[in-house]
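Asks: The lines below spell out each chain.
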Amino acid sequence: MVEQVVLIVAGALALVSALGVVIMPNAVYSALMLLLNLVSLATLFLMLHAQFMFAAQLVVYAGAILVLFLFVVTLLNPQGENILRDKRRLQQAGTISMGLFMGCLLVGALLYAFTNGNQPVLAASVTSPNSTYGTVEDFGKALFTQFLLPFELTSLLLLVALIGAVVLGKRK
Amino acid sequence: MSFLTNTLLQISTAKPSFSGDDLYRILPELIVLVMAVLIVILDLFLPKRSRPALGYLAIAGYVAALVATASLFYYGNPNKTSFSGMFIRDDFSSFFEIIFLISGILVVLVTPSYSLKRGIPIGETYAIQAFSVLGMMIVGASGDLMAIFVGIELTSICSYILTGFARNDPGSAEGSLKYFLLGIFATAILVYGMTWTFGMTGSTNLVAISQSIQRNGLATDPGLTLGMLLMVVGFGFKIAAVPFHLWTPDAYEGAPTPVAAFMSVGPKAAGFAALLRVLIQGLPELAAQWSVIIAVLAVLTMTLGNVVAIAQTSVKRMLAYSSIAHTGYIMVGLAAYANTSSPERQNDAISSVLIYSLIYVFMNMGAFAILIYVQNRQGGPDVDDFDGLGTWAPGIALAMAFCLLSLTGIPPTGGFLGKFYVFRAAIDNGYTWLAIVGVLNSAVSAFFYLRIIYTMYFNPLKDEARAKLQPTKTGFITAGVVVICIAILLLGIFPDPALNLARDGANPLIYVVRATSGS
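Those protein sequences? They're chains A and B, same order as listed.
When we follow our numbering, the leftmost residue of the first sequence carries the number 1207, and every step to the right adds one.
When we follow our numbering, the leftmost residue of the second sequence carries the number 629, and every step to the right adds one.
Simulated from the structure, these hints should not be mistaken for lab results.
The model shown is predicted, which means the values in this text are computed figures rather than measured ones.
Hints may contain errors.
Claimed, not checked - One side of the interface only, derived from the structure: several residues of chain B facing chain A at Cβ under 8 Å:
hint: 1; residue: Pro675
hint: 2; residue: Glu752
hint: 3; residue: Ala775
Note that CB positions come from ideal geometry on N, CA and C, so glycine has one too.
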């Protein structure tokens, strides 16, 4: 019962804040809405027994990346400009209607998949009471045994991104 | 359900599966990795004027990796997986490694004259190209969605960075930013599709996915279809299939020309490798669905690419649309796979994709190499800049004519055979209409390819323009062009060795599919 209440509240918050990120007229508010969104998603992860994802979501996304966003927004200093106000009305209307159309399509597909399709294979195991799926221990083991190769390759990804950032950001 | 507990047990009790055997199987990748890191380090210590010498190191690395791949291929690939199924060393991965390494070598040959003239950092260019090639090799050899994702991202991030390397050119930054923003959007869609597939089947391993689909009767499940669709969109962006091609003209036009040449062959082939692995190895049960989607996308891609290419005045932009059109031709071969259950016919379809990708590397690289030469001499990439190339650089003009005829698909060039195999596979497997659309499109494409040949031989270069021709170093480019022309000619008149390699390369996919379906 308590779980369901938390689930509904966190889910509703995630939806509303996600909309807020897009609709808010000021970039700082958008970033703060994103923070709310990330925290409610983290709560949803916790509900699914994914403790590691919960912690990573809070520390990495809400903690580090969002602060970076706020720094960039403050440095660029948009001066209260309404980022939603586009002079080309027709193009803006087109963008919004296209976005709404794609959104409806995706929501429709999701609803159809959940009502008409099979129960996702993973769902049953994740929600069973003595499941260890998503614990820190399981996560670490999977990362360093089964997913060792992609994990190591990620370090190359970061190296390339670093080199690129240095070259592209260097003064001429 | 029992399958699921099995997977969970596997995860929690898995030992670190990592031995010397694994290292031996990823030897070509390790060689490229060591070479790339060496270039990064040496670039810091070498004085500026000796940095171009790093190109020799890059070529040596690629050639060493090519030798390693070839010997693994020759002595029979072990057909075994390493790193808990993440990495598969089979003939398929070896064939794609050969394609990627050849495009790596060719791009090193065409880069220096262009980059040095325009002050583009050369050491970093070589290093990031090498990392990109490494990412592609991982994609071709991966047996798991996670490895495919990391490999594709490694390649893509390298492409975003390389596109923005011409820092004196605002178009370069614009192209890079557009490519980056659209690219991460496509990546998000791709990951979302992988998530759905993982959620429905309980695994990221391609073989386990296809087994789970059979065991749980998921073939008609809408959730899995959604995952498949989203993944096709994501990979479609990487191979520049219409309607996910919008980044292509801007990114190619803004990027330094050698980078555009590289992006048009390497990452595209990597995208096809990923599509083949995921669709044929992971989702064979959904073939009836994805085959139709790929066929429709192929028609759109061929038609739009060729029709829009006619209207271009810049050769660089024209080659961008032409590369979109060629994506469409290759997709015809992929669509043809699904309509048949006979292994020989399936092999025809997959091997036509492989051989076309190989031939395409040579002919497209050739056209871009000569565009780079003309840009070095004339300064611009427009059709007018090819005026009278037949008189002021007859050898280069002849090579360009040869590459363009190959791109059009006229015998005795390799391009003709590539198209022949792809369209034959389509006709044999009941996609006659698709082959007809392809042939009609080839006829349309003749218009803009032949227009350049006409310009080269029948439009004279004005005297004042001739006086403005700039000197350029041609050694590397000439070497590259000669290699390319010989390769196109050999593939055109003596295709059997390459075709046999492609047939070997196609076998593992069919073998895996038949083993999992128990026939």
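Asks: Provide an ascending list of the numbers of those earlier hints which the structure does not satisfy.
Replies: Violated hint (a single one): 1; every other hint is consistent with the structure.
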